[in-house]
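Residue numbers for the sequence shown follow this note's numbering, so the first one is 442 and each next one is one higher.
Misleading hints may appear alongside valid ones.
Stated by the list, open to error - Derived lysine-lysine pairs resembling DSSO-like cross-links, with alpha carbons at most 30 Å apart: (1) K470 / K533; (2) K565 / K551; (3) K490 / K464; (4) K516 / K477; (5) K600 / K583; (6) K541 / K464; (7) K477 / K464; (8) K519 / K506; (9) K464 / K551; (10) K551 / K533; (11) K585 / K597; (12) K533 / K513; (13) K522 / K533; (14) K609 / K583; (15) K585 / K477; (16) K464 / K565; (17) K533 / K490; (18) K533 / K519; (19) K506 / K525; (20) K516 / K490; (21) K583 / K565; (22) K565 / K585; (23) K506 / K516; (24) K551 / K470; (25) K533 / K516; (26) K522 / K541; (27) K533 / K477; (28) K609 / K597; (29) K490 / K519; (30) K464 / K533; (31) K519 / K477.
As the list claims (entries may be wrong) - Across the chosen pairs, the derived CB separations fall in these ranges: (32) I517 / E481: 21 to 31 Å; (33) K525 / T487: 41 to 51 Å; (34) D497 / A520: 16 to 26 Å; (35) H500 / W455: 43 to 53 Å; (36) P495 / E554: 24 to 34 Å; (37) R484 / I567: 12 to 22 Å; (38) T592 / S471: 26 to 36 Å; (39) K525 / E483: 18 to 28 Å; (40) N566 / G605: 47 to 57 Å.
Calculated from the structure, these hints are not laboratory results.
Treat the numbers as computed from the prediction; the structure is a model and nothing was measured.
Here a beta-carbon is modelled for each residue, glycine too, at the ideal position from N, C-alpha and C.
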Amino acid sequence: MSTAGRKLLTSINWPVVNSVLSKHTEITKSLGAFRKGYEEAERQLTQLKEADRPVDFEHYRRVLKNTEIVDKLEKIAKAQKIAKVDLAEQLKTISAFEAKAVASAELYVKETEANLADLSETVKNIDQARPVTQLTVEDVVKAKPEVVQRTEEMVKQGKFTVDGYDEKFPNLALM
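Please work from the sequences and hints to get the whole structure.
What follows is the structure, encoded as structure tokens:
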């Protein structure tokens, strides 16, 4: 990974990211797994860099009587080559994960912005609303014209009480 990529990953404030995305457990788990994988790979790379120490075969030839063994070991060591690993598949997997994470984050941003817009509209409506004590019959009829029709039907039927009213608001008058 480039130094810019390393700086970016080390500059991320992971606790803040986790708290912001706390409602999105899938994203949080994926980011945590990515972070752990990156840290493990970085740790292994550091260990390998530190472990790269050449063997001084001349020293062992001088110290040991059986130099034939040292010659065989030197031959084996020189024949041994570091295996080249094709990282294309891992990079493709990381790119797919990154694309999925970005898409998920963009969806989260859109949902949050929509929720904020709805909440803002609700607060605006609440601020502009008149108190119930200031409402008139004309205001109610204007808002719900079906109230007039229902009232007229009830009067024609001789009903002067609303169904369920006494159950919801019991009569507290003493007889």
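Comparing the hints with the structure gives:
1. K470 / K533: Between K470 and K533 the Cα gap is close to 20 Å, so the pair holds against 30 Å.
2. K565 / K551: holds, 21 Å
3. K490 / K464: Violated - the C-alpha atoms of K464 and K490 are around 40 Å apart, more than 30 Å.
4. K516 / K477: Given pair K516, K477 is violated - Cα atoms ~39 Å apart, limit 30 Å.
5. K600 / K583: Status holds; Cα separation ~23 Å.
6. K541 / K464: holds, 17 Å
7. K477 / K464: Since the Cα atoms of K477 and K464 sit roughly 21 Å apart, the hinted pair holds (cutoff 30 Å).
8. K519 / K506: Distance of about 22 Å is within 30 Å: holds.
9. K464 / K551: Holds - the C-alpha atoms of K551 and K464 are around 15 Å apart, at most 30 Å.
10. K551 / K533: holds, 27 Å
11. K585 / K597: holds, 20 Å
12. K533 / K513: This hinted pair is violated, its Cα atoms lying about 42 Å apart.
13. K522 / K533: Given pair K522, K533 holds - Cα atoms ~26 Å apart, limit 30 Å.
14. K609 / K583: Roughly 26 Å between the alpha carbons, so the hint for K609 and K583 holds.
15. K585 / K477: Not OK: K585 and K477 at ~59 Å, beyond 30 Å, violated.
16. K464 / K565: holds, 27 Å
17. K533 / K490: Holds, at about 25 Å.
18. K533 / K519: violated, 34 Å
19. K506 / K525: Violated - the C-alpha atoms of K525 and K506 are around 37 Å apart, more than 30 Å.
20. K516 / K490: holds, 23 Å
21. K583 / K565: Holds - the C-alpha atoms of K565 and K583 are around 21 Å apart, at most 30 Å.
22. K565 / K585: Holds. K565 to K585 sits at ~21 Å (cutoff 30 Å).
23. K506 / K516: holds, 18 Å
24. K551 / K470: Holds, at about 21 Å.
25. K533 / K516: The given pair, whose Cα atoms are some 38 Å apart, is violated under the 30 Å limit.
26. K522 / K541: violated, 37 Å
27. K533 / K477: holds, 18 Å
28. K609 / K597: It holds: about 24 Å lies between the C-alpha atoms, which stays within 30 Å.
29. K490 / K519: holds, 19 Å
30. K464 / K533: Holds, because 28 Å separates the two Cα atoms, which is no more than 30 Å.
31. K519 / K477: violated, 35 Å
32. I517 / E481: 21 to 31 Å: For I517 and E481 the Cβ distance comes to about 30 Å; the hint holds.
33. K525 / T487: 41 to 51 Å: For T487 against K525, whose Cβ atoms are near 20 Å apart, the range 41 to 51 Å is violated.
34. D497 / A520: 16 to 26 Å: Hint holds: Cβ distance 18 Å, inside 16 to 26 Å.
35. H500 / W455: 43 to 53 Å: Hint holds: Cβ distance 47 Å, inside 43 to 53 Å.
36. P495 / E554: 24 to 34 Å: Distance hint for P495, E554 is violated at roughly 59 Å.
37. R484 / I567: 12 to 22 Å: violated, 54 Å
38. T592 / S471: 26 to 36 Å: violated, 58 Å
39. K525 / E483: 18 to 28 Å: For K525 and E483 the Cβ distance comes to about 20 Å; the hint holds.
40. N566 / G605: 47 to 57 Å: violated, 28 Å
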